[in-house]
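A.B. asks: With the sequences and hints as input, model every part of the structure.
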Amino acid sequence: SQKIEQNSEALNIQEGKTATLTCNYTNYSPAYLQWYRQDPGRGPVFLLLIRENEKEKRKERLKVTFDTTLKQSLFHITASQPADSATYLCALSSGNTGKLIFGQGTTLQVKP
Amino acid sequence: DAMVIQNPRYQVTQFGKPVTLSCSQTLNHNVMYWYQQKSSQAPKLLFHYYDKDFNNEADTPDNFQSRRPNTSFCFLDIRSPGLGDAAMYLCATSRGLVGEQFFGPGTRLTVL
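Which chain is which? The protein sequence lines are Y and H, in order.
Residue numbering for the first sequence follows this note's numbering, beginning at 154 and increasing consecutively.
Residue numbering for the second sequence follows this note's numbering, beginning at 132 and increasing consecutively.
By construction, these hints were calculated from the structure, which means they are not laboratory data.
The model shown is predicted, which means the values in this text are computed figures rather than measured ones.
The reader is advised that the hints may include incorrect statements.
Said to hold, decoys possible - EDC-like cross-link-like pairs, simulated, lysine to aspartate or glutamate; straight-line CA separation at most 20 angstroms:
| hint | chain 1 | residue 1 | chain 2 | residue 2 |
| --- | --- | --- | --- | --- |
| 1 | H | Lys-169 | Y | Glu-158 |
| 2 | Y | Lys-252 | H | Glu-231 |
| 3 | Y | Lys-224 | Y | Glu-158 |
C.D. replies: Here's what the structure looks like:
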């Protein structure tokens, strides 16, 4: 069956360091992959979308890679700040139906 | 500002008492989604509308129904809430079936 895995353990890093979050998937060939940020008690907020024919995407301090051979996406936040502390969700497309399959998210805590 | 609005933000209902959650959008997007998210879990798609076309997920319980009277509004009806239906309900919109989804702040449902 289709499966998406994000590290359920919280990631704790020091301010200024680069945070790297991982999203692995199996039995799945998504056309594109998205990353969202979710703060406690709030709805997810879109960050980046990367298509299957793209290796890397950047937006300000954010970088996403997409390796369809490894079936993995990495999400990087450079020069992390305490304000980056949140849960980050990856989401994979299911065909062209508009349906997104979300991972359970990884909580990032950036300490000053 | 264009946005997705959900009302109420918090809803308390009794076991078996019908409840309706509402979502409105000023983005003029043609696709609207309803997700259920339980604590520390991934958002799970319940159904979505592409314009007036309703698309139900195969594993969405019959207890959950939806209405979209016009482009701007969408409702989630839970006919007989059970304790297991306590969750955050998220409404989202998108322009077309591919691309980022814009989420509302969510409605936290408590079932007593």
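A.B. asks: Hint check: Y:Lys-252 vs H:Glu-231, CA-CA at most 20 angstroms. Holds or violated?
C.D. replies: The hint holds at about 11 angstroms.
A.B. asks: With the threshold set at 20 angstroms, check whether the alpha-carbon distance from H:Lys-169 to Y:Glu-158 stays at or below it.
C.D. replies: Measuring from Cα to Cα gives roughly 17 angstroms; hence the hint holds.
A.B. asks: Take a quick look at whether Y:Lys-224 and Y:Glu-158 sit within 20 angstroms of each other, Cα to Cα.
C.D. replies: holds (11 angstroms)
Checked against the numbered hints given earlier, this structure breaks none of them.
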